[in-house]
Amino acid sequence: MLAGTSFKHEHLCAILTDPPQDGFFEVHAENYMGAGGPPHRMLTALREHHALSLHGVCLSIGGPGALDQRHLARFRDLVLRYQPALVSEHLAWSSHGGTFFNDLLPLPYTHATLERVCEHIDQVQQAIGRPLLLENPATYVAFASSTMSEAEFIAAVARRTGCDLLLDVNNVFVSATNHGYSAADYLDAFPLERVGEIHLAGHSEQRDDEGALLLIDSHDRAVAPLVWDLYRTVIERIGPTPTLIEWDSALPDWPTLRAQAQAARRIMCEEPRHVPA
Amino acid sequence: MCPPDYSATFAPGLIRPQHPAPAHVVAHHGKGVVQRYNVYRNNVTVSLIQALADIYPAVQRITGAEFFRAMARFHVRATPPASPLLFEYGRGFPAFIAAYPYAQALPWLADVARMERAWLDAYHAADRPALDAHALAAVDPACLATLHFEPHPAARLVRSRYCAVALFTQHRAEGAAAPLPAHAAEDALITRPEGEVIVSRLPAGGAAFLHALLAGAPLGAAANAALDEVASFDLGANLAGMLSAGVFTALRPGD
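Which chain is which? The protein sequence lines are A and B, in order. Throughout the first sequence, residue numbering follows the numbering used here, covering 1 to 277 in sequence. Throughout the second sequence, residue numbering follows the numbering used here, covering 278 to 532 in sequence.
Here chain B stands alone, though its shape is the one from the complex (with noise of 0.2 Å):
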């Protein structure tokens, strides 16, 4: 036998702050069960403000904590997570600030965002082993451009066309802020080649030259890759920066 879902009835107003507390709801002594409804709502709606909180310090650091409780309330109202795993929620976050009509003036805020984003992702992939450098010098120099290379399962690449790497570092802990760079368009490169997270900033070129190789393409086409974008592309220190940051975890030869 099937029993009644009162789960249907309790949970559209969890999230819902117009619709009434549910009908088969009751307190002792035929009390009203509006503010107790209210602390189930409640719960909901901060807890999960607060995990997005969580998984963003650096965007509500830029914003400030009412701007991005009001964000975050919009979103967890309009999309709840899906899993029981709090750490993978907030995936349509950032695209939710791109759209966010209060946020225009921010326009690298949604960058920042899907680097806060990778930074979770890194830190709780698999533990792999980041690939060696001398795996790669003992290749054969005729089969480098055939190559293909096994991206580590923390490695993440966010590209931005602000200064989303200086955004990032300088907001994501406490502290004083130091003054931005000029430069603009910066690409991240998110790691964990031994315990820790680290987020580092990717010469010209490697981020062409990255998302070929994450993609698929063989060392040769990738370099073209990159080389089509930024005619200086420096392959040999792109590929050192990458092997110590561990982006990669092993080496498979071309067929």
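Bound-form chain A, shown alone (with noise of 0.2 Å):
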């Protein structure tokens, strides 16, 4: 198992009858969260012959509020039916107020968010019965309140809940080019020794007050040179894991979707293992 795709359904009979070498696929979970129907059907096709990645992308894991139970228990639903391999929420909050705004939105890291979030993976753990995988946002804006960067923040969650991490390394690019940090130094505060899975996607690019370069984490497109290059060290340093192409929107066929995936899977052949000293 280690590369993978989104799965589309416009996708499934290319997939069934031109299937990847030990791919896997993600599903977004809020997806399939109907009671029956085709949904289910074809993602009970899919599972009959492959690794299943669930995705979460509505529990609100950093949202101030508490965590919408009847939500937590659809989701954990979802993990007892399809037993997959991999579960993945994000650092992020979609909800507010009785309001679903359908977007992964930003947090400030301070201890009181520390404890919230630590509090909230505690209940999907408990829930799941299983280490969750957390992955690192992609944001466009920063709070006047944080005290302590969004790797630091993320290696106290893992530390203190037992989480793993599900390192976007798109999602890396964007935010160090968003916040004018280094991605480098980003991925050296990173505990990339929890890191259980690895998302690439492909990002568009806007402009911010100043007119300089605002990177959207889009999921519309190819993953870009840049993001390759930073996945290699990344790849260098952490040996294979389980690796996926997101592409949500602007869809490709299913060959160039899997061109992608296949072109993960020969960096991570190739890339003799770094020991370290």
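Read the hints as simulated data drawn from the structure, not as lab findings. Think of the CB as a built atom: it goes at the ideal place given N, C-alpha and C, for glycine as much as any other residue. A hint or two may mislead.
Negatives, chain A to chain B, calculated, CB over 12 Å [to be verified]:
| # | residue |
| --- | --- |
| 1 | Gly23 |
| 2 | Leu80 |
| 3 | Ala85 |
| 4 | Arg237 |
| 5 | Cys269 |
Residues from chain A that keep clear of chain B, each with C-beta distances beyond 12 Å, as calculated [said to hold, decoys possible]:
| # | residue |
| --- | --- |
| 6 | Met1 |
| 7 | Asp22 |
| 8 | Arg130 |
| 9 | Pro131 |
| 10 | Ala156 |
| 11 | Gly162 |
| 12 | Gly196 |
| 13 | Arg221 |
| 14 | Leu226 |
| 15 | Glu270 |
Covered by chain B, according to a simulated footprint, are these stretches of chain A (three or more residues, beta-carbon under 8 Å) [what the hints assert, rightly or not]:
| # | region |
| --- | --- |
| 16 | 33-42 |
| 17 | 89-100 |
| 18 | 138-147 |
Dock chain to chain to rebuild the complex, using the hints, since each chain is given by itself in its own frame.
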């Protein structure tokens, strides 16, 4: 199980007739929280032959409010039903005051938010009976109240909750560009030994108030060359790690998407593992 | 200890374009945060408009993308989703369309939207076997009038004063537009007997009959309700059509 892709229903027939080599598929958990029908039928067909990664996008682990217990129960039920190899969620929030915003929104990195995020992850891990992979976000703003870096915050969460980490290399690149820090420094502070999955995706470009480059985590195109370079440095340090190509809009055909996963696979197979002294 | 509610200050501007960026939000080197916060506003609004476009493709084809996106933007701002399950979103959209001033020239648009919402409910409904016609044949004729029909979880009825079924069918997928039938007033039946959702047009009286059955009326009373509306109501043909469309999942004898 080395390199996988987002699973899109449009690709099911192509996948079943031309399956990937030791690949896996990732689905957004929320798309399979209906009672029945074609979504579950397609996921069941896929799961028969392939490993699955269940990626939650709406639990609001990074929100100040209590977790939605009904939503957590639905998430747990999917884990039990499909027995995914990987289960992940985001360091972000998406609901507030009864409204769901359908975006991964940022949080300040403080001792108080650290407490709350750890409580939420404890609840999730207790519900699903296994460690969660927590994903680093792509962000466009910071908070005046933050007292630690994102990498320090994530390291503290992993240490305290025992959760594993989903390192989104595109998000590291996007956030480093947007906040004017070095992606390499971020990775140096990141607990790479806890990384159980990697995400790669394409990003788009906008401009900030000063006309400087602002990168958007858009998931609508191929992985950028500089992100591949950064990925290669991660693989050199931690060895082959299940890597997923996220592509959620402006979908390509299956061979194009699969070629991105094969590129990740080649990097993992070619790079000799660096053994720290 | 409860952390200060950063989400309470961050959230309101996400769907209110006139709100300034939140005061506690910053960027490095004292950079401005207007365009940066706008990324989140844009993600939220555009993704929710897209969610409506995904649920209501026929409505969008009828109105055109520009009209649809403007209408959807109003709705997203007035009624953002309450659930993280986006396939539950947009239940208020048909009523919003019916009241939308710019859509008054398309009085049947809301009915097409109701059909699309019902289609998605049928798509995600629980899996249950459809009632076998033989089960009905086995019922003692003396007990038929008091027999109850348990609806299949996917079964939906949408009544329209317009040719909503033809409009739905014509615009649901890309392709050349077929000429519309001249007759009006179509009642739509939406079911999912096997794997796929099917949409069919109910014959005369079928909607009154099915409406009564879905509301829990026994067969005799439902047939009378249909006959009250359409004197020529054909009970046998309607029931056979509904059974083959998978409207029911079980029979329950009357008391």
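Here is what the structure says about each hint:
no.: 1; hint: Gly23; verdict: 26 Å, holds
no.: 2; hint: Leu80; verdict: 17 Å, holds
no.: 3; hint: Ala85; verdict: 24 Å, holds
no.: 4; hint: Arg237; verdict: 26 Å, holds
no.: 5; hint: Cys269; verdict: 36 Å, holds
no.: 6; hint: Met1; verdict: 28 Å, holds
no.: 7; hint: Asp22; verdict: 30 Å, holds
no.: 8; hint: Arg130; verdict: 22 Å, holds
no.: 9; hint: Pro131; verdict: 23 Å, holds
no.: 10; hint: Ala156; verdict: 15 Å, holds
no.: 11; hint: Gly162; verdict: 22 Å, holds
no.: 12; hint: Gly196; verdict: 24 Å, holds
no.: 13; hint: Arg221; verdict: 16 Å, holds
no.: 14; hint: Leu226; verdict: 20 Å, holds
no.: 15; hint: Glu270; verdict: 36 Å, holds
no.: 16; hint: 33-42; verdict: holds (count 9)
no.: 17; hint: 89-100; verdict: holds (count 8)
no.: 18; hint: 138-147; verdict: holds (count 6)
No hint from the list above goes unmet by this structure.
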